[in-house]
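Peer 1: Build out the structure end to end from the sequences listed, making use of the hints.
The primary structure of each chain is shown beneath.
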Amino acid sequence: MESKDNIALSVRDLKTFFYTNNRCNKAVNGVSFDVEKGKTLCIVGESGCGKSVTAATIMQLLPTLSRIEEGEIKFRKNDEIINIEKLEKNGKEMREIRGSDIAMIFQDPMTALNPVYTVGFQISENLKYHTNLNRKQIREKCISLLSDMGIPLPEKRVDEYPHSYSGGMRQRAMIAMAMACNPKILIADEPTTALDVTIQAQIFELMDKLKKENDTAIILITHDMGVVAELADNVAVMYMGNIVEAGTADDVLRRPTHPYTKALLESVPVLGRGKNQDINPIKGSTPDPYNRPIGCQFAPRCNWQTESCDIMPEISQINETHQVRCHKYEQFFEKYNEKRNSKIT
Amino acid sequence: MTTYILQRLFIFFPMLLVISFLVYSGLELSPGDAVSHMISPELASTITAEQLDAMREAYGLNQSFITRYWIWLTSMVQGDMGYSMAGGVAISEIMAKTVPATLELSMVALFFSTILGCSLGVISALKRGSGTDNSLTVAGMAGVSIPEFFFGLVAILLFAIELKWLPVGGRLLPHYETLWDRIPNIVLPSLVLALMMTAGAMRYARSSMLDVLAREFITTARSKGMPEWRVNILHGFRVALTPVVVLIGFRLPLLIGGSTIIEQVYQWPGIGSMFIRSVRASDYPLVMTISLMYVFVVLTASLVIDVLTALIDPRVRLGKE
Ligand SMILES: Nc1ncnc2c1ncn2[C@@H]1O[C@H](COP(=O)(O)OP(=O)(O)OP(=O)(O)O)[C@@H](O)[C@H]1O
Ligand SMILES: [Mg+2]
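Just so you know, the sequences run in chain order A and B.
Position 179, counted from 1, in the first sequence is what this note's numbering calls 179; the numbers after and before it change by one each time, with no gaps.
Position 181, counted from 1, in the second sequence is what this note's numbering calls 1181; the numbers after and before it change by one each time, with no gaps.
Wrong hints could be hidden among the right ones.
Unchecked claim - Below, a sample of chain B positions facing chain A; criterion: calculated Cβ distance under 7 Å:
#1 Phe1217
#2 Thr1219
#3 Thr1220
#4 Ser1223
#5 Lys1224
#6 Gly1225
#7 Glu1228
#8 Arg1238
#9 Val1239
To be verified - As a list, the in silico EDC-like pairs of lysine to aspartate or glutamate whose alpha-carbon atoms are at most 16 Å apart:
#10 Lys39/A / Asp208/A
#11 Lys89/A / Glu1228/B
#12 Lys212/A / Glu36/A
#13 Lys92/A / Glu1228/B
Stated by the list, open to error - A few chain B residues that don't get close to chain A, going by computed Cβ distances all over 12 Å:
#14 Pro1100
#15 Phe1149
#16 Pro1253
It is worth saying that the hints were derived from the structure and are not from the lab.
Here a beta-carbon is modelled for each residue, glycine too, at the ideal position from N, C-alpha and C.
Peer 2: Rendered as structure tokens:
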């Protein structure tokens, strides 16, 4: 898999731990996934399962109390493979990748832009550090980026401060900033949670367009299953620091094979399925991250739990793309599909 | 921006008026009047009540309170500050001698304390939890809690008397010496005066900086691949600066109060020394003029701070939140 040319980023057995008050929080505990060029990988999962930490690890933007414990992050830059985890955190090589090859947009555009600099200035910083353009060219590029993002009157807007932008416009400006140097990978951590629904759709449309035009690989972190169904090529379901199920969007959404994936899918309303759909919140709540269960992390909340679940299940390959981390997945899959079949007949 | 400044000025003058009235009333309430202080105890027994009244009449002290206030205020506005009761020297002359000395001292102290306080605060914040941070915090606490006259005396003992590096006190007059010759005299008083302000500025700068460094736009800045100094200074400190400037501004009155004491310790011929002397002598015209000037300085300082804040922060400048 790793040697394939179309893989932009390959993460293997990544572990990132937090150390607070002499206790260890295994926030990301052995995560592996690949991101293909021009494809969108959605990472989903309940709050606190380690999605943001995974993203921050890839960018080496972790807070001081945490560190990469183990694993590999291989980034393909043209024909070269760079091991990101080996680079110094704020060293020159890492900084060259940040903002130019891998860019990130954040959850809340209200707080992610610096209030004392104009939007144009903040976009231009990216270009200043990663391109050889002169000041005039940088300014023109900023304006054209803003206009690409659908911001009206970009020549005027470029000199305005973030506070005179609306939330949706700020997120567009953030995307303009992230896309300034045509990154190979764009990481978006819940980019629309802070925005209202109509603007959400516009932002996703924009991201999808950029992905198609520039062959950018996107890692999209979200809670919204509707968004996943709409945008994802591949999906990874995370629970307590592990990926419990991964595959193409079809694999995961239509043939969920892990009890957690199924529970997660049933816990959210799906747009267009009407009012009478069953919504079952996942029973119980996520365990204390400092006091995690041994073995399968989901076992205490799982209807299928047996003694074998005291040992962490290995990853099983269902087909070429579809993977699951569950001891009982075969029975589960059969039963679930039986039920579906019987429903249909 | 212009309207903003005009708005501020609109509050400025009424405020000055109200406070000048309060100053005047305050002095009216203090026991004894000028005449009773002008007469030496030996003469007091020989002087008659009529003679006293005549003196009061001559100084205009028997007119109504409001009239006296009005006379005082109008002549003040016209630049006529009257005469000191002790020695009958024109107050404007006294001011011309003392104000530059005090301004010199406070401005040098303000400069030192702002530069020093901000840089130490930022270093402290960036190295949070380290040995440097902890020792700076302890030093800052000491700086805030130990009174400045104590520092002043210790500094004299150490640098002037023990090591003989710097003069004990006093100030050289500008037209006597070159700038270079005058520097040794101002070093001790200004540094001691700056010390207290530095400790405060450092604590503000540290907490403001820590606050800002935890904000999300810092991560954004870092995610653009910029070097750490740019993230910390251009994005961090630039935002952290606004509250620090405001807080230093609020502490300007402290600087003035502090300079009164330091001027005493170092025999600096400034307005603070003069103020203490005039209060002791119940030299009313002088006390009032100096008080009013303090008020004027504090109000002007806060006006300047408001305008500076606006210049630094576009959200204030453009009248939006
Ligand atoms: N700065 C931090 N300091 C200490 N612990 C942290 C920090 N950031 C995250 N964690 C811990 O790491 C774990 C994973 O958190 P993470 O932010 O990745 O969750 P998430 O999946 O992004 O959740 P959400 O959907 O709420 O954003 C949690 O247990 C959290 O408490
Ligand atoms: Mg998150």
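Peer 1: Each hint needs a verdict: does it hold in this structure or not?
Peer 2: Now the hints, each set against the structure:
Residue-level restraint check for Phe1217/B holds (minimum Cβ-Cβ distance to chain A is 4 Å; threshold 7 Å). Among the interface hints, the one on Thr1219/B holds; its C-beta lies about 6 Å from the nearest C-beta in chain A, closer than the 7 Å criterion. A hinted interface residue such as Thr1220/B counts as satisfied when its beta carbon comes closer than 7 Å to some beta carbon of chain A; here the least separation is about 5 Å, so the hint holds. Checking Ser1223/B against chain A by beta carbon gives a least distance of about 5 Å; that is within 7 Å, so the hint holds.
The beta carbon of Lys1224/B comes within 4 Å of a beta carbon in chain A, closer than 7 Å, and the hint placing it at the interface holds. With a least beta-carbon distance of about 4 Å to chain A, the hint placing Gly1225/B at the interface is held under the 7 Å criterion. Taking 7 Å as the C-beta cut-off, the interface hint given for Glu1228/B holds, the closest approach to chain A being about 5 Å. Hint status for Arg1238/B: holds, given a least beta-carbon distance of 6 Å to chain A, under 7 Å.
With 7 Å as the threshold, the beta carbon of Val1239/B comes within range of chain A, its nearest partner Cβ sitting at about 6 Å, so the hint holds. For a cut-off of 16 Å, the pair hint linking Lys39/A to Asp208/A stands: about 9 Å separates their Cα positions. Distance hint between Lys89/A and Glu1228/B is fulfilled; the C-alpha atoms sit about 11 Å from each other, no more than 16 Å. At most 16 Å may separate the alpha-carbon atoms for a hinted pair to count; Lys212/A and Glu36/A meet this at roughly 13 Å.
Straight-line distance between C-alpha atoms of Lys92/A and Glu1228/B comes to about 10 Å, which keeps the hinted pair within the 16 Å bound. Every Cβ of chain A is farther than 12 Å from the Cβ of Pro1100/B; the closest lies at roughly 36 Å, confirming the non-interface assignment. Separation of Phe1149/B from chain A is adequate, the least Cβ-Cβ distance of about 40 Å exceeding the 12 Å criterion. Every CB of chain A is more than 12 Å from the CB of Pro1253/B (nearest about 28 Å), matching its label as outside the interface.
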